[in-house]
Amino acid sequence: MRGYSCVNRRLGRWVVSLPPTLFLLLFFVAPSLIMVVASFRFPGEYGGLAPLVEHGRWKLTLETYRFFFSDFIYAEIFIKSFGVALATTLICILMAYPLAWLIARSPKKHQDVMVLLAVLPFASNFLIRVYAWMIILGPQAAVARAVNSLLAAFGFEPVTLLFSPFAVLVGMVYVHLPFMILPLYTNLAKHDPALLDAAQDLGANAWRRFWKVTWPLSLPGIYSGSVLVFIPVLGMFAIPDILGGTGDILIGNLIKEQFLGTRDWPFGATLSLMLTLAVLVCAGLAAWLARRGVGRHA
Amino acid sequence: MIAGFELPDAGQILLDGNNIADIPPEKRPLHTVFQSYALFPHLTVAENVAFPLKMARRDKPTIKAKVHEALDSVHLSDRAHAYPHELSGGQKQRVALARSLVNRPRLLLLDEPLAALDAKLREEMQHELIDLQREVGITFIFVTHAQDEALALSHRIAVMNQGHIEQFDEPSKIYGFPRNRFVADFIGNTNMLEIEVAEATPTHLRLAVPGLGEIMAPAQEETRAGQKGWFTVRPEQVRIGPAQDRELKNHFCGKVRSFIYVGNVTTYTVELADGTPIDALLSNSAPGRARFFEVGDEVAVSWRHDAGVFLRE
Numbered sequence: 000m001r002g003y004s005c006v007n008r009r010l011g012r013w014v015v016s017l018p019p020t021l022f023l024l025l026f027f028v029a030p031s032l033i034m035v036v037a038s039f040r041f042p043g044e045y046g047g048l049a050p051l052v053e054h055g056r057w058k059l060t061l062e063t064y065r066f067f068f069s070d071f072i073y074a075e076i077f078i079k080s081f082g083v084a085l086a087t088t089l090i091c092i093l094m095a096y097p098l099a100w101l102i103a104r105s106p107k108k109h110q111d112v113m114v115l116l117a118v119l120p121f122a123s124n125f126l127i128r129v130y131a132w133m134i135i136l137g138p139q140a141a142v143a144r145a146v147n148s149l150l151a152a153f154g155f156e157p158v159t160l161l162f163s164p165f166a167v168l169v170g171m172v173y174v175h176l177p178f179m180i181l182p183l184y185t186n187l188a189k190h191d192p193a194l195l196d197a198a199q200d201l202g203a204n205a206w207r208r209f210w211k212v213t214w215p216l217s218l219p220g221i222y223s224g225s226v227l228v229f230i231p232v233l234g235m236f237a238i239p240d241i242l243g244g245t246g247d248i249l250i251g252n253l254i255k256e257q258f259l260g261t262r263d264w265p266f267g268a269t270l271s272l273m274l275t276l277a278v279l280v281c282a283g284l285a286a287w288l289a290r291r292g293v294g295r296h297a
Numbered sequence: 000m001i002a003g004f005e006l007p008d009a010g011q012i013l014l015d016g017n018n019i020a021d022i023p024p025e026k027r028p029l030h031t032v033f034q035s036y037a038l039f040p041h042l043t044v045a046e047n048v049a050f051p052l053k054m055a056r057r058d059k060p061t062i063k064a065k066v067h068e069a070l071d072s073v074h075l076s077d078r079a080h081a082y083p084h085e086l087s088g089g090q091k092q093r094v095a096l097a098r099s100l101v102n103r104p105r106l107l108l109l110d111e112p113l114a115a116l117d118a119k120l121r122e123e124m125q126h127e128l129i130d131l132q133r134e135v136g137i138t139f140i141f142v143t144h145a146q147d148e149a150l151a152l153s154h155r156i157a158v159m160n161q162g163h164i165e166q167f168d169e170p171s172k173i174y175g176f177p178r179n180r181f182v183a184d185f186i187g188n189t190n191m192l193e194i195e196v197a198e199a200t201p202t203h204l205r206l207a208v209p210g211l212g213e214i215m216a217p218a219q220e221e222t223r224a225g226q227k228g229w230f231t232v233r234p235e236q237v238r239i240g241p242a243q244d245r246e247l248k249n250h251f252c253g254k255v256r257s258f259i260y261v262g263n264v265t266t267y268t269v270e271l272a273d274g275t276p277i278d279a280l281l282s283n284s285a286p287g288r289a290r291f292f293e294v295g296d297e298v299a300v301s302w303r304h305d306a307g308v309f310l311r312e
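As they're listed, the protein sequences go chains A and B.
Sequential numbering from 0 applies to the first sequence in numbering that gives the first Met the number 0.
Sequential numbering from 0 applies to the second sequence in numbering that gives the first Met the number 0.
For the record, the hints were derived by calculation from the structure and aren't laboratory data.
Note that CB positions come from ideal geometry on N, CA and C, so glycine has one too.
Worth double-checking, as some hints may not be accurate.
Pair by pair, the computed Cβ-Cβ distance ranges are [to be verified]:
id: 1; chain 1: A; residue 1: K189; chain 2: B; residue 2: K26; range: 21 to 31 Å
id: 2; chain 1: A; residue 1: K189; chain 2: B; residue 2: S76; range: 37 to 47 Å
id: 3; chain 1: B; residue 1: G88; chain 2: A; residue 2: E75; range: 53 to 63 Å
id: 4; chain 1: B; residue 1: A145; chain 2: A; residue 2: F125; range: 57 to 67 Å
id: 5; chain 1: B; residue 1: A81; chain 2: A; residue 2: V158; range: 51 to 61 Å
id: 6; chain 1: B; residue 1: H80; chain 2: A; residue 2: F209; range: 19 to 29 Å
id: 7; chain 1: B; residue 1: G88; chain 2: A; residue 2: K189; range: 18 to 28 Å
With a straight-line Cα cutoff of 27 Å, these simulated DSS-like cross-link-like pairs (lysine-lysine) come out [as the list claims (entries may be wrong)]:
id: 8; chain 1: B; residue 1: K227; chain 2: B; residue 2: K248
id: 9; chain 1: A; residue 1: K189; chain 2: A; residue 2: K211
id: 10; chain 1: B; residue 1: K63; chain 2: A; residue 2: K211
id: 11; chain 1: B; residue 1: K53; chain 2: B; residue 2: K65
id: 12; chain 1: B; residue 1: K63; chain 2: B; residue 2: K119
id: 13; chain 1: B; residue 1: K26; chain 2: A; residue 2: K211
id: 14; chain 1: B; residue 1: K65; chain 2: B; residue 2: K26
id: 15; chain 1: B; residue 1: K65; chain 2: A; residue 2: K211
id: 16; chain 1: A; residue 1: K58; chain 2: A; residue 2: K255
id: 17; chain 1: B; residue 1: K248; chain 2: A; residue 2: K211
id: 18; chain 1: B; residue 1: K63; chain 2: B; residue 2: K53
id: 19; chain 1: B; residue 1: K248; chain 2: B; residue 2: K172
id: 20; chain 1: B; residue 1: K53; chain 2: A; residue 2: K211
id: 21; chain 1: B; residue 1: K53; chain 2: A; residue 2: K189
Reference listing, derived: stretches of chain A covered by chain B, where coverage requires no fewer than 3 residues with Cβ under 8 Å from a Cβ of chain B [stated by the list, open to error]:
id: 22; stretch: 66 to 79
id: 23; stretch: 196 to 208
Can you make the complete structure from the sequences, with help from the hints?
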């Protein structure tokens, strides 16, 4: 009987984990491998890829990698993209923390409504929301006018808000903020309020109660929120396309340009491979950091 | 209110003669052991114990020495680098104690600290708490709903009812000489008879029990004939024996209605002629005999003339 139920359980585990495994194999591992191969191939004459085998010989090259490392501009765009992703993540932490804390501290019956409000923007289309920022930040909009009249009052030159790195950052933060709020809220809501009472009882003032108890306990929430914000921002091309100026190209735009504009697929594949590599390194780093933090109070 | 998490509507809280009612919790010279222990899950045992010292900005060597000493006193030196989730209930309890005592507060407030432990462990911790209190010499205020815990641990007990102190006394006084019906009822089991004082002399009281007759009780101050109230006598003061037809005071006949056998003792509930139940406790000290009476047996219950307390209404 025991053997039977054991087999049964193992079978059940297989049945449950098979579909997602297949899905990932088919739609993540296989395309990634195709990209790896594509990055070593020659571009086709009219875009796309040249045939892999010609006249009975393999046609593979390291040309795209040589090209990537020969021009500093690509490294520069990578660094800039990482900078934008880092800045977005930090701003999201700063903005989401008080909000998540407020939701977690609200009466239970209000919490669901507040969480719903936090994710409500997802109800409308992503592109429409980003286009809305074009209007909000546009030169005729109240925001730009107010800022410029304020600058003029202090004797500064007027600025354009739209089509600037500033607009890109605003868009990035706006779109990704809920991804920081949700994990942080989930984490903060789990905190035992008795811990803060205990800290206060043992002589900690409000400031030290936060830094010695709430903050270290919320680190796992910060880590998962950061992963959810940092990685999508790194590959994002729509927001810089719509809100950024001509100089605000990020990796996402560069890759999109190779596939749809220049039609140099091998180079696009190389770039996206580099991005995937960078993301994996970041995710590994985050997981390592989180494990060091979580392992202490799992 | 003592810890400062709730504020009094009026009045003062005096600690060593100083009013602490207006001082915020973090500045009060007292610590609390919480029911849930409230250990910091992200800190090790040693770091937990060091917390109040760090808050008081003590220097590192002092902290190290004091933490070591505190963990030693609760026998947890070997678990200093464990995290709270790796500890058993009793160990967590001891860490919470060490953390609260490490910087020698003027007072330690314990909020039902043993409620989450099983019976065996609870008794063990009771002994440890008594030893620890004697060792550190700090006043412990121990909040509990378990009356045996209160009797076992305290030097003085305050029995509270709806925010008022009903009686504040030594454990033996609380149990042996309850001041009113609430205290008598709340602490331990007791028999309660509604009576009227028939005669009060300097040596004894004669109490009239409607439907039963009269009982003799020890003399009490400020008691006069005609006063109404209750007479309380503890089950262990009530003797139970085979029915005898004797004209004695404090001697009543009845039938065994039920009994509860708990090993060392058996509590018999005897129904008197008028239906009044009287509990009598019989020690099972005779080897090999678990019970002396069966349900329905005719028995007599009696108690000494100097047993029991008259409680004024």
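Here is what the structure says about each hint:
no., hint, verdict
1, K189(A) / K26(B): 21 to 31 Å, "holds, 29 Å"
2, K189(A) / S76(B): 37 to 47 Å, "violated, 32 Å"
3, G88(B) / E75(A): 53 to 63 Å, "holds, 59 Å"
4, A145(B) / F125(A): 57 to 67 Å, "holds, 60 Å"
5, A81(B) / V158(A): 51 to 61 Å, "holds, 57 Å"
6, H80(B) / F209(A): 19 to 29 Å, "holds, 26 Å"
7, G88(B) / K189(A): 18 to 28 Å, "holds, 21 Å"
8, K227(B) / K248(B), "holds, 20 Å"
9, K189(A) / K211(A), "holds, 17 Å"
10, K63(B) / K211(A), "holds, 19 Å"
11, K53(B) / K65(B), "holds, 11 Å"
12, K63(B) / K119(B), "violated, 33 Å"
13, K26(B) / K211(A), "holds, 17 Å"
14, K65(B) / K26(B), "holds, 20 Å"
15, K65(B) / K211(A), "holds, 20 Å"
16, K58(A) / K255(A), "holds, 25 Å"
17, K248(B) / K211(A), "violated, 70 Å"
18, K63(B) / K53(B), "holds, 11 Å"
19, K248(B) / K172(B), "holds, 26 Å"
20, K53(B) / K211(A), "holds, 11 Å"
21, K53(B) / K189(A), "holds, 26 Å"
22, 66 to 79, "violated (count 0)"
23, 196 to 208, "holds (count 10)"
Figure legend: structure checked against the earlier numbered hints; hints not met, in rising order: 2, 12, 17, 22.
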